[in-house]
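Protein chains: 2
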Amino acid sequence: MRLQRRLRSLPLQQVQITDRFWGRYQRLLAATTLDIQYRQCVETGRIEHFRSVARGEQGTFKGRYFNDSDVYKWIEAGSFLLAALGSDAELAGALDRLSGQLDDTIEAIASAQAPDGYLDTFFQLQHPDMRWRNLGAMHEMYCMGHLLEAAAAHFGATGKRTLLDVGIRVADHVASLFGPDRRKGYCGHEEFEIGLLRLADAVRPSDPDSADRYVDLARWMVDERGSRPSPFEAELQDEEAMKLSPWLRNMLAPGGVYKADYCQDHARIREAPEVVGHAVRAMYLLAAATEAFEDRDDTEMESAIERLWLDLTQKRMYLTGGIGPSGHNEGFVADYHLPNRTAYAETCAAVGLVFWSHRLAQATFDGEYVDVMERALYNGALAGISLAGDRFFYENPLESAGDHHRQAWFDCACCPPNIARLIASLGAYVVGRTEDALAIQIPCACRVETAFGGTPVRVTVESEFPWSGEVRVTVDASAPVSFELAIRIPGWCGDVETEFDGVEAEYRDGYVIFATTWSGRQTLRLDFEMEPRWWVSHFQVLDNCGRTALTRGPLVYCLEEVDLASSVARFAVDPTSAEVEAFDGGLLEGVTPIRVEGWIDQPGAWPDELYSAEEDLPAATPVRTRMVPYYAWDARAAGSMQVWLRRP
Amino acid sequence: MRLQRRLRSLPLQQVQITDRFWGRYQRLLAATTLDIQYRQCVETGRIEHFRSVARGEQGTFKGRYFNDSDVYKWIEAGSFLLAALGSDAELAGALDRLSGQLDDTIEAIASAQAPDGYLDTFFQLQHPDMRWRNLGAMHEMYCMGHLLEAAAAHFGATGKRTLLDVGIRVADHVASLFGPDRRKGYCGHEEFEIGLLRLADAVRPSDPDSADRYVDLARWMVDERGSRPSPFEAELQDEEAMKLSPWLRNMLAPGGVYKADYCQDHARIREAPEVVGHAVRAMYLLAAATEAFEDRDDTEMESAIERLWLDLTQKRMYLTGGIGPSGHNEGFVADYHLPNRTAYAETCAAVGLVFWSHRLAQATFDGEYVDVMERALYNGALAGISLAGDRFFYENPLESAGDHHRQAWFDCACCPPNIARLIASLGAYVVGRTEDALAIQIPCACRVETAFGGTPVRVTVESEFPWSGEVRVTVDASAPVSFELAIRIPGWCGDVETEFDGVEAEYRDGYVIFATTWSGRQTLRLDFEMEPRWWVSHFQVLDNCGRTALTRGPLVYCLEEVDLASSVARFAVDPTSAEVEAFDGGLLEGVTPIRVEGWIDQPGAWPDELYSAEEDLPAATPVRTRMVPYYAWDARAAGSMQVWLRRP
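These protein sequence lines are chains A and B, in that order. Residue numbers for the first sequence follow our numbering, beginning at 1 and rising by one. Residue numbers for the second sequence follow our numbering, beginning at 1 and rising by one.
Please note: incorrect hints may appear among the correct ones.
Said to hold, decoys possible - Here are the simulated BS3-like cross-link-like pairs (lysine-lysine), alpha carbons at most 27 Å apart as the crow flies: (1) K62(A) - K243(A); (2) K243(B) - K160(B); (3) K243(B) - K184(B); (4) K62(A) - K259(B); (5) K259(A) - K184(A); (6) K259(A) - K243(A); (7) K62(A) - K243(B); (8) K243(B) - K315(B); (9) K315(A) - K259(A); (10) K184(B) - K62(B); (11) K259(B) - K243(B); (12) K315(B) - K259(A); (13) K243(A) - K184(A); (14) K243(A) - K184(B); (15) K243(A) - K62(B).
Rather than coming from a laboratory, the hints here were simulated on the basis of the structure. Computed from a prediction, not measured in an experiment: that's the story for all the values here.
Okay, chain A solo, but in the shape it has when bound:
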């Protein structure tokens, strides 16, 4: 695998999501979700902290020490949404409100920045003398990294420089302290590296030298990590600094012994054999590394990243694209350790997998990375937000006894704004382009306005994705213009039919490509076969032994108690059955259910005993039921749920 600067996302203003599926979610963000999150940030004191700093207060910080980051992620989500939906007249009121909330909040943030550029309200309010003494646990750069992302997003959406200038001062401050010729240091929770990359993009047109400096610092941070001496290990001797977070100290060094893998400090990426530790951290690190090493011809790093990718996707990823099975470390345990009911599979980790797979998809122009991105996006990440946009999952198990439900907010609130910023920026994930190619990575309905060689081009994708594989792409060229139109062929698609008179299709790296000179309006049609498919797990995934799971297109399906009228544990499925029903607009905000057949064990027919001789078991009763997409579970009557169903 080579990492090259190939596909890039278009500015969000140039990609309008017209999709019924995603468009509904984006409008929900504007109407409901972001306002809820803003009010949570206000009510929990997260925003007031900035004003408290400006007022010179001391000791008035409440909550988690990384709470600044939630505000920044909300700003990033809101900014993306302004860019994506700015032209939507129906939402003008909601977007005006959002815009005002953003401006107010940014003003508060700017007022809190220290003269030297430092900005972290926990330290400024509680421990002004303890800055940078506990990089391993205290998330200073993590919070600042989210600030840089928010700054770039707000500038990109509005052109306003207030937050961008705050971000530049933060980045320059950190760069004055840490780097190859300065102190060896980076954050226990990766994120600052991504922030630097986004800041670099934002300032590059006006200040390419600074942009290069930021990218260089990000590259140094991801590459140094894991080398020895470890800055985090050294900090363990600083008793006073360790008191700042006894819980995380114990996670980093249980029993006093440094456990480096939790924060990916066990080995440099170049030497790391597998993806370990806290899953969100691992994804943010690898997303940054993938981007920072584009066009470097660093084959050692490219091989390492590919090795880690294969380890993740071939041994440590749920069918939903959820990752990180354990709640203990919010992360990885071992190859093929993928328990269903206790799956942690944090929403943020699935979002992180979208980030990393997207970076790989951009750097390679290879559809296989989009397959994983799509899997995480439509399943493991999307389940993190309710159909009404007002409640959130932190953990995303693949099986429930009926006791796991979305919450309005969390004390540690990383997930709600993370899924929001992903949905708001969806336009960056569904299409990409090079100098002379436009790539449809996910065939959801959208309208792209771009130009090739100065000639404006509009590309319109029409589809009912993910419910149908029929896709129509219309190119409107104001004058004859040559470019490649590349449309990804999903990995789940057994057969694709294309209908286009203009030119013969080429097939390359998971894309079907139409290279021609476009003029006027031309329309092509594709039909991606979208049959229900039953899956079995690799034999080493012991938790799925004797079980099977259903997908259709990008969607993983599940069985919920409300559809079976009995505990799903009682059901065994016939994996030769699966009949696609008609799209039901009244069900779960519109889904296509799949009817399946199987057998149900009648409660009364089972012996009381926990363990029985096989021949003593009663026969089960045939039953028909239906399955619904996993992302939409827990929206009706509370009850049990399974992705992996028992086979008889």
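Given chain A's structure and the hints, the job is docking chain B onto it.
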């Protein structure tokens, strides 16, 4: 279920274990295990703590605050062994050494007792002013309860009163502070109640009034527990006391909210719907409650205990008799939650289940409780000690990737002396008697010396249990004497043949009973069918879906990598196969392996992908392998292990 004082154990001196299986373990205790545990107690400062108190030191306690209890459990084990093996000439040297170690240690303990009877070296050395302020977390009565058990055992084995007198002073001290007319209090970790019952047995012949007082206090403690106001909940307001154990404070009240079920304080036993919380605590509570409510005609309590028994054995017990699946609370999670690889199934919890089921077996004279006792004894508990007697499991998973091994000792060392005291006192578990009946509860080889109506009787059991179901019981009566000889018919036994000319057998509550007047030497033979049996789990145990497990007689079998020459995850078994091999004295200190057939997935033949369409999977290769008893696993080359095998 009625609780009555029916069967009682005989003094250990009257039951000689001649069994090849258990006799080997008892000799190991004398030769190796107890000496190792003594040295651990010395080297870790556990015994020196008592001398430190006597010297008036302050602040010199090291290790866990409940470390006294390990010393007491070791004394109890050693005392049992002196009683059980005292007449064994070959072991005279080892038992002399043990006897001296016991006397020295007891002298140290006696020297540490405070004038008012209090004894807890952690508080005496570290926090003399903090006594009894944190009953919920600090284990003072827990330690003292083990002291009472040790005191009764040492007195019973040797007739020496030193430790018994210490125990009486401890019990009287506690009784002066806590009780129906005094402070409402009992220990967060149950155990003192059992200690009181054992102390009562020891003093009853000389001081029946005190014995009754101790039983009444024990009964009050088990019955009050769970009532409101909760003494533990009130303590949470005592900030200073809570600092004594921040970890346990967090377990009892995560996020500051009291979580009463951890220590069975959520409801009185009378109202409790299910067995919850820390598994060892739950077993010690229920064992004490069962005994304390014998002959009380308290039908509400009897129903409650039966309800909890059914909940445990029909919904929350591993096939091995292991209980408490979660490491988080060292205890229960939910009905049918029985994961294999992450099974905590603490050795102490299986030992606790032996205690409780034994109390029920004694109180009911019903063989079904012995079935569970036997299951836990031969599997979940016995796995806790290595075949060489020198290493121990704390956790007993039913599946391993090859990374779980017995340890020489633990920082929290409850398990090693617990399994030792169980094996040392085995004579109390295999036979019992009433005024006019002798019950063989487990048909292991032993020699019982007792008397009915003043007439001495010797009953000799000969067998190769658990490898064979053929049992010969010989009664030697010095004069004609009438009594019932009751022999339990194991629940796993499909058919039993009896051969005895003297009298017709009766069958009652899981026993075959021969009621006659015995004279001279009479021999009867029984043959318990002992075929291999394949088991499936209740359909709600999702972790065992598509899997099957093998038992023969009381033993659960497992497959180890060393016998398959490949990861056991690759194997799928044919559950119609199972051929009992000849007993192999050279294998695992002597076992009867079982040959099974199945199929192995060749590593190279599987696709790399985590998830595959079922039709794409390659065929597996037929293979024969053998299974060995679970208790003996992890004694050869390290590798993977499974109890529940995949079915094809």
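The hints, checked one at a time:
1. K62(A) - K243(A): holds (17 Å)
2. K243(B) - K160(B): violated (40 Å)
3. K243(B) - K184(B): holds (22 Å)
4. K62(A) - K259(B): holds (25 Å)
5. K259(A) - K184(A): Distance ~19 Å between K259(A) and K184(A) Cα, so the pair holds.
6. K259(A) - K243(A): holds (18 Å)
7. K62(A) - K243(B): holds (22 Å)
8. K243(B) - K315(B): With Cα atoms ~37 Å apart, K243(B) and K315(B) exceed 27 Å; violated.
9. K315(A) - K259(A): Distance ~22 Å between K315(A) and K259(A) Cα, so the pair holds.
10. K184(B) - K62(B): violated (31 Å)
11. K259(B) - K243(B): holds (18 Å)
12. K315(B) - K259(A): Outside the cut-off at roughly 37 Å; violated.
13. K243(A) - K184(A): holds (22 Å)
14. K243(A) - K184(B): Given that 27 Å is the threshold and the Cα spacing comes to 37 Å, the pair is violated.
15. K243(A) - K62(B): Holds - the C-alpha atoms of K62(B) and K243(A) are around 22 Å apart, at most 27 Å.
Taken one by one, the earlier hints fail for this structure at numbers 2, 8, 10, 12 and 14, listed in ascending order.
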